[in-house]
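Trainee: Protein sequence lines correspond, in order, to chains Y and C. Start counting at 1 in the first sequence, then tack on 272, and there's your number in the numbering used here. Start counting at 1 in the second sequence, then tack on 272, and there's your number in the numbering used here.
Accuracy of the hints is not assured; some may be wrong.
[Stated by the list, open to error] Calculated cross-link-like contacts (lysine-lysine; reagent style DSS-like; alpha-carbon spacing at most 27 Å):
1. C/835 - Y/604
2. C/866 - Y/693
3. C/866 - C/835
[To be verified] Where chain Y lies over chain C, by a calculated footprint (3+ residues, C-beta under 8 Å):
4. 768-781
5. 830-839
[Claimed, not checked] In silico negatives: residues of chain Y with every beta carbon more than 12 Å from chain C:
6. 302
7. 316
8. 394
9. 454
10. 477
11. 479
12. 495
13. 536
14. 594
15. 618
16. 654
17. 658
18. 659
19. 719
20. 865
Treat the hints as calculated values from the structure; they're not laboratory data. Please read these numbers as outputs of a predicted model, since none were measured by experiment. Think of the CB as a built atom: it goes at the ideal place given N, C-alpha and C, for glycine as much as any other residue.
Protein chains: 2
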Amino acid sequence: MKPLETLFTISDNNSLMRKYKGKSKTRKFCLCLQSIFPILDWGRYYTIRNLRGDFIAGLTTASLCIPQDIAYAKLANLDPHHALYASFVTPLVYAAMGSSRDIAIGPAAVVSLLLGAMLSHDIRDHKSHEYLRLAFTATFFAGVTQLALGVLRLGFLIDFLSHAAIVGFMSGAAIIISLQQLRGLLGIPHFTKKTDIISGIGSVKNAIVHHEWNLETIIIGTSCLIFLLITKYIGKKHKKLFWVAAIAPMTCVIVSTICVYITRADEKGVSTINHIKGGLNSVSANEIFFRGKYVVRGFRIGAVAGIVALTEAVSIGRTFAAMKHYTLDGNKEMVAMGTMNIVGSLTSCFVATGSFSRSAVNNMAGCETAASNIVLSIVVLLVLTLFTPVFKYTPNAVLSSIIIAATTNLVNINAVIMIWKIDKFDFMACMGAFFGVIFMNLEYALIIAVSISFVKIVFRVTWPKVVVLGKIPGTSIYRNIEQYPKAFQITAMLILRVDSAIYFTNCNFVKDRILRWLRYENEERAECELAEIQYVVVDMSAVSDIDSSGISSFERLYHSLEKLHVQLVLANVGKIVMEKLQESKLTELIGRDKIFLSVAGAVITYGPKREEL
Amino acid sequence: MKPLETLFTISDNNSLMRKYKGKSKTRKFCLCLQSIFPILDWGRYYTIRNLRGDFIAGLTTASLCIPQDIAYAKLANLDPHHALYASFVTPLVYAAMGSSRDIAIGPAAVVSLLLGAMLSHDIRDHKSHEYLRLAFTATFFAGVTQLALGVLRLGFLIDFLSHAAIVGFMSGAAIIISLQQLRGLLGIPHFTKKTDIISGIGSVKNAIVHHEWNLETIIIGTSCLIFLLITKYIGKKHKKLFWVAAIAPMTCVIVSTICVYITRADEKGVSTINHIKGGLNSVSANEIFFRGKYVVRGFRIGAVAGIVALTEAVSIGRTFAAMKHYTLDGNKEMVAMGTMNIVGSLTSCFVATGSFSRSAVNNMAGCETAASNIVLSIVVLLVLTLFTPVFKYTPNAVLSSIIIAATTNLVNINAVIMIWKIDKFDFMACMGAFFGVIFMNLEYALIIAVSISFVKIVFRVTWPKVVVLGKIPGTSIYRNIEQYPKAFQITAMLILRVDSAIYFTNCNFVKDRILRWLRYENEERAECELAEIQYVVVDMSAVSDIDSSGISSFERLYHSLEKLHVQLVLANVGKIVMEKLQESKLTELIGRDKIFLSVAGAVITYGPKREEL
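Based on the sequences and whatever the hints tell you, model everything.
Mentor: Shown next as structure tokens:
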């Protein structure tokens, strides 16, 4: 059980526990409270200067967040006010508990889509009360999952969704989301509820064939989309003009709402939001399913959505933390996210997380602390209490164009190219997730991507490299002769390096590989009339661990070499492996005089005399 | 897709393909035929001397094999003649196609038990014709699975059942088998068909409570068992007397049969074999299910039994090959085993494999080639055609005692202790398999053991060691300061070694670990009023691979260190990792002057001047 132990040794003893050492009980309690609510810590040093930064950032983020929220609620097949509720309650909780200074909290596109897709798989009628209740249940369990991962310090599980898998998943989801938005953009009345690309394209084709589209809607939608994409481009080119892109969605909403109101386009078939329920969140604790058949389903949906939401938030958090150089405790973040979603589920919200686009705006607008989330929350509160009637004439087409513009960020072709260049297996995982999302569904896509990622590790562990080392002229360094062509081999010696820990999956491969190299090198040397190999030196520097299968295959290797009158020599054996070799008495079989600190040492002892070299 | 490629490069190009180079077509055909049927190769050099060795070995093995066969058939709930058929047909096929010189082929205890347990899970009535047909179907698919693994060169999959898992599985199976034999040994009429220990003990208890046992049977059974265990002990102590143990079962059978015949004990409730169908194998090709509901079940049973059978045979084969120093091509062995089981399934046999006990006897009796299997086969043929009526009075208790004596070998306490010493995770896999067999069933046990083994790999890959290196006085060698307490650290430098390939599962852990070491070391050095660390040197010698997540975490590490005014230096970067660093332009970010061939080189360039050291 070493790994867990080593995981905690340094982190806890030195940073977490040291803080509490020798303090009074009251002080300990205060420190503990501060550790759960970082706001108690940074709040004491909060300045007017901080407030200015946070205020502007919060305001800018809010102007992006409100139209996005209304749009994302549609992805989850829920009424817009639930998303606004989420943007009011969850940022407050996060501001108190979160440790990132840049994340902006609220519903996010991919998580909303995932939630919507999984919910409608179980309950087809989106207007039914059951659907809403299952949504709260899923949100509750998403929070519980996140909290549990944080409390149990299982944050590492998030890393099991590899970077490549996330890139593929997000790109695929962006395409699916955009395709679904064609419904709003073109004003198509009937659209599939499935998320795959085939069904989506089918619906669009069907609508075109039957002329089920609305010209006014198309004009509003496409002009907004073009405007949004242009402002986005400007924001990207000139970092100082990022605010143009940030307020563009709100501008679109206001302009298009006024246009519809003046022209009464809603009477010409342009669908509008019509009604957003105003006022504050209602309590939904009694709506959550705690028994019955929907508990298990709600848990499944919640667990998946919660983990995907965490992946997004943690990855954003890490990026900004590295950029501004502060440390982010992954487990603490999970506790904050979990609590905020649990609170959200009790107050009529659905799953919220840190969103890519808003966090970027928040950061660029100069946020200083998590207090920007409080500002954001207050703005949303004002909208909820005062301005909901304003959205009566807001056309749905605008929301669709906002979603499409927001999701273009998620398709990251450069990242895909880089993944292809770096690692073909990673690329497979990426494509697995991408095509999984596009042609199947989001859950399968995740399973495929995670499976491919793990198969990669098993593959690599099963067939490690065993390379031949040579001496680099003028030094006592031995390196891979393929990598350093100047490195030369030693007379009558074969020096090999095993590039992996030796486990049951690869121990026979490693043994066979060593014997094959021996045979091959002997043949090659015989052709050049060089001396036969008498010593096989195995450089164990990369062998970080060995298991019982590995030990017995080394035993067999020793016997095989013995029959060939070749001596087995080990060099640079690590601590763990050395202990196991001693436990299994293999050191005695091989002989202690055959185990060296370095390859150079082995060559000096058993190699040719200096004049022969 | 590198791993597969590298797997084949050397083995095929140099040994397999080279043989065919520049040969005529006829010659190529002959070579190909020889490669499939090694008998065509070694048969040409066969001498009288070889024959003598093989004849004695075959005869000795047969005397052990015949009583064992009759007993093992009971484990599979089949009639004894099917096992004898298997010992007649399959050794012939193996002799022609196999490449091991020591394996003795026939039904084996664990595989027979596994087959019986899985078959009776699907069909409860052992006497029904369906049961027999499903047994043939399973045998057929066991052969197909083995053949497929060999032809597709997927032999490495066998290694996924780790040594530790096999030890646990075999020990558990031995206990279960022995427990079930109490039925025969005590003469209990009603016994559970389940394989777990609870049901077994329940049946025995029940029989004792209701006095459902037979004194004569107990006397015969226990005296035979004592005799067998004593001879076994003698055989182990004095290697030359191994034949005493080898012929002991046959002696027991003959003596007890005569006793029963003379005393007519069968009329006093001693159950006997009664009837073994004589004559040669009947064709069973038309009995195999090729459609209907039993095809899938037959396939599942066959695949599991086939893989377990292979594991046993390959592990024996490897042991003897290493002992006598000849190479064994795992894939070719699988083709031989697969063919022999397919042929077996067409001729009324059930799954055969290389058995531990018989192969050991075969080897000790001085077998020279696979021809000993032919001798064995001929002896079984004689028994089948001439001597089956002899077994009419053989008591079942003798068979039970033979099985118990044979399976005591499989409980390997020394191996378990060694596994505990070497690797605690391996021990968990071993115990998982053991308790899985004892309390659940054989299939679950396999799944549990394989899962634990893989979780181990993932664990180790997720939390690799990151160790601090120091310079060993008087050398330019840098090693783990925990392992070599004399190694000292360099002023203003922190030298770390990452002991694993860097993948998505561990990249954040590695990054955090490096930063924590930096913080910790800086604190420690500040306490001793030593200079602050300016350079972090990462020894990459054990980092055999890196993926795209790893690259981006290194990028983040670089930025984090930059903020702390600490320079990142890499040493001893391997070929694969170097290529990836270049592809991702990380080499340019870090700076080419920060990448060194060795740690010593980095210290010479950036470390303190010699006089300061």
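Trainee: For every hint, state whether the structure bears it out.
Mentor: Verification of the hints:
Using a Cα cut-off of 27 Å, the hinted pair residue 835 of chain C and residue 604 of chain Y holds, with the two alpha carbons roughly 23 Å apart. Of the supplied pair hints, the one linking residue 866 of chain C and residue 693 of chain Y holds, its CA atoms being roughly 23 Å apart against a limit of 27 Å. As the CA atoms of residue 866 of chain C and residue 835 of chain C are separated by approximately 17 Å, the hinted pair is consistent with the 27 Å bound. By the rule of at least three residues with a Cβ nearer than 8 Å to a Cβ of chain Y, the coverage given for the segment 768-781 of chain C holds, with 10 such residues.
Counting residues of the segment 830-839 of chain C whose CB lies closer than 8 Å to any CB of chain Y gives 4, so the stated coverage by that chain holds, three being the minimum. For residue 302 of chain Y, the shortest C-beta to C-beta distance to chain C comes to about 23 Å, beyond the 12 Å cut-off, and the non-interface label holds. At the 12 Å boundary, the C-beta of residue 316 of chain Y stays outside the reach of chain C, the nearest C-beta of that chain being 24 Å off. Against chain C, the non-interface label of residue 394 of chain Y holds: every CB pair exceeds 12 Å, the least being about 29 Å.
In this structure residue 454 of chain Y is separated from chain C by more than 12 Å, as the shortest Cβ-Cβ distance comes to about 32 Å. Listed as outside the interface, residue 477 of chain Y is consistent with that label: its C-beta sits roughly 37 Å from the nearest C-beta of chain C, beyond the 12 Å cut-off. With 12 Å as the threshold on Cβ separation, the claim that residue 479 of chain Y sits away from chain C holds: the shortest Cβ distance comes to roughly 39 Å. Residue 495 of chain Y, annotated as away from the interface, keeps every beta carbon of chain C farther than 12 Å; the closest lies near 38 Å.
Every CB of chain C lies more than 12 Å from the CB of residue 536 of chain Y, the least distance being 52 Å, so the non-interface label holds. For residue 594 of chain Y, the requirement that its beta carbon stay farther than 12 Å from each beta carbon of chain C is not met, with the minimum near 4 Å. Under the 12 Å C-beta cut-off, the non-interface status given to residue 618 of chain Y relative to chain C holds; the minimum distance is some 32 Å. Every Cβ of chain C is farther than 12 Å from the Cβ of residue 654 of chain Y; the closest lies at roughly 38 Å, confirming the non-interface assignment.
With a minimum CB-CB distance of about 43 Å to chain C, residue 658 of chain Y clears the 12 Å threshold, and the non-interface call stands. Residue placement check: residue 659 of chain Y keeps its beta carbon more than 12 Å from all beta carbons of chain C (closest about 41 Å). A cut-off of 12 Å between C-beta atoms confirms that residue 719 of chain Y is not in contact with chain C; the least separation is 16 Å. With a minimum CB-CB distance of about 19 Å to chain C, residue 865 of chain Y clears the 12 Å threshold, and the non-interface call stands.
Hint check: a violation occurs at hint 14 only; the rest are consistent with the structure.
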